[in-house]
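Participant: All chains, please: the whole structure from these sequences, using the hints.
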Amino acid sequence: MTPLAYGTIALLMVGPDNSDSATVIVFGAGLLGAWSATLFGAGESLYMQRFTGTMGMIAASPAGFFRPVIGFALASATLGVYSIVAVALWSAAVFGIQFSVASIGGVFVAVIVALVSLVAIGVVLAGYYVLSRQAMTVSNLLEFPIWIITGVLIPASVLWPPLQWAGKLLPLGWATDAVRAAIAGGDWLAPSLMAIALSGLYFGVAWILLVRVDRLIRITGELELR
Amino acid sequence: MIEVENLGRTYKAKRGQPEVAALSGVSFRVHKGELFGILGPNGAGKTTLIRILSTLLMPSQGTASIDGIDVARNPQGVRPRIGVVFGGERGLYDRLTARDNMRFSAELYGLPVKGRDALITQLLDRVDLAEKSEVRVETFSRGMRQRLHIARALLHRPDVLFLDEPSNGLDPVAARELRRTVRELADGGTTIILTTHYMFEADELCDRVAVIVAGRVVAVSKPADLKAGAPVGSTFEFSGHEAFDDSVQRLVDEGQFIDVQSRDADGATHWLLRCDGEKPISREALSRALEIETSRVFERPPTLEDAYVALVSRNSES
Chain Y
1 MTPLAYGTIA
11 LLMVGPDNSD
21 SATVIVFGAG
31 LLGAWSATLF
41 GAGESLYMQR
51 FTGTMGMIAA
61 SPAGFFRPVI
71 GFALASATLG
81 VYSIVAVALW
91 SAAVFGIQFS
101 VASIGGVFVA
111 VIVALVSLVA
121 IGVVLAGYYV
131 LSRQAMTVSN
141 LLEFPIWIIT
151 GVLIPASVLW
161 PPLQWAGKLL
171 PLGWATDAVR
181 AAIAGGDWLA
191 PSLMAIALSG
201 LYFGVAWILL
211 VRVDRLIRIT
221 GELELR
Chain E
227 MIEVENLGRT
237 YKAKRGQPEV
247 AALSGVSFRV
257 HKGELFGILG
267 PNGAGKTTLI
277 RILSTLLMPS
287 QGTASIDGID
297 VARNPQGVRP
307 RIGVVFGGER
317 GLYDRLTARD
327 NMRFSAELYG
337 LPVKGRDALI
347 TQLLDRVDLA
357 EKSEVRVETF
367 SRGMRQRLHI
377 ARALLHRPDV
387 LFLDEPSNGL
397 DPVAARELRR
407 TVRELADGGT
417 TIILTTHYMF
427 EADELCDRVA
437 VIVAGRVVAV
447 SKPADLKAGA
457 PVGSTFEFSG
467 HEAFDDSVQR
477 LVDEGQFIDV
487 QSRDADGATH
497 WLLRCDGEKP
507 ISREALSRAL
517 EIETSRVFER
527 PPTLEDAYVA
537 LVSRNSES
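Each protein sequence line maps, in turn, to chains Y and E. Quick note, the first sequence lines up with residues 1 to 226 if you use the working numbering. Quick note, the second sequence lines up with residues 227 to 544 if you use the working numbering.
Misleading hints may appear alongside valid ones.
What the hints assert, rightly or not - Far from chain E by the CB rule (all over 12 Å, computed), these chain Y residues:
1. T137
2. N140
3. T220
As the list claims (entries may be wrong) - Covered stretches of chain E, going by a simulated chain Y footprint (3 or more residues, C-beta under 8 Å):
4. 276-287
5. 325-336
By construction, these hints were calculated from the structure, which means they are not laboratory data. Where is the CB? At the ideal position from N, CA and C, for every residue including glycine.
Facilitator: Set out below in structure tokens:
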């Protein structure tokens, strides 16, 4: 229900005028739901695994943390597809939105890129989630700032410039630019490539972090919550 | 072979408190194919030791290796060779079926997809869970969960299996089944390290045992040798209407017995006398001292539990 609530509030705020902006809002609300699903899904799944004792089983396996964490983050981000589809259907059915998309192929690619970006951010955060007993608190703290600076719902261009730059340090910031461009008829390929490149960097950082996390939890002996 | 040399582990305590030593100077070797028991009271360091050997915890001092691979320096080299079963109901995905839990583990260990399901079926059958393979784990009893833990730990055919209190909380039938499975695994050549609180289990299963008290190994021996070398002697039991109090008291005064118990039941007094291991007395000699027929005195040699209790008591005091 959360993505539908996001979509409804956003459309009521800007007015469902069936223009490009309404389409952008719908996809933005869908991505917002996807971001929440990734953030809380990854955080909660790792937190629960600390609690239920399955984290030890993963830690004792040759896979290490990286591969399983990618799987958890991907599963959570995939829930984001539901968010986008649900918000789109809801907007069309309730608000009569007529979708106006300049490049359907571009939107498809940009949305996939956005989901990859979400997984990349989720995997970097996972390193902290594995170590921290405060995963859920951190998720709450991060939810709003990240979607605001990455321009998921409201264009980042309206923000204070340093915040815009901060948003561009996250692959999601470039991915949302790509989605907007594909809908409005701009260059969606360049921001998509930037998002993919940045995601690759994030995956690399995540791998290094999770290898270190594996060693750190063995030093502290604080893998599980009970 | 598993080699543990001067192993120690300390934990950080609360601010202002000294560090807590969970293990200190632990050394032993476990030979290939051996079933090795680790015994000790709660908090003795058994689980800490298993966690270090299974690469989940770094030692603070000393070394431990499995087939020559250092568990602290090269955990990735050790992990494919070992299987770990932690006791209790945790460590499984409750919302998944038994088969899906196994599949997830197969992924973690990089098992090829081809033949994976057949192997899972075979292992679930081995632990009598084949009929429950498509049932969610949340409906499983503790015994079923424990058997699933074992099946899962065997997926990648480990050379070494760690079992941390596997029969804890199981009913007698389930515990017996579990012991049968463990024995079969050992007979099949798997090296097994088992921690348990149940002395009869260790006595029945283990080729050798180590007794850990307060983080230190106080004995490593075959169960039979531990019993034979125990600082306790046999336990004698007899019943009668006679007044044995004076005779028994005289023997106690001579330091012959370390524990004396009596209870009245069915119109007779039932006596249980535990002999001091350093002053053994024969059944015949006791009969003479009590002035009763030898056939009325029953002798039970020291059990592993007797030896364990004596060892723990002696080392807890020192």
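Participant: Among all the numbered hints in the text so far, which are the ones the structure does not match?
Facilitator: 3
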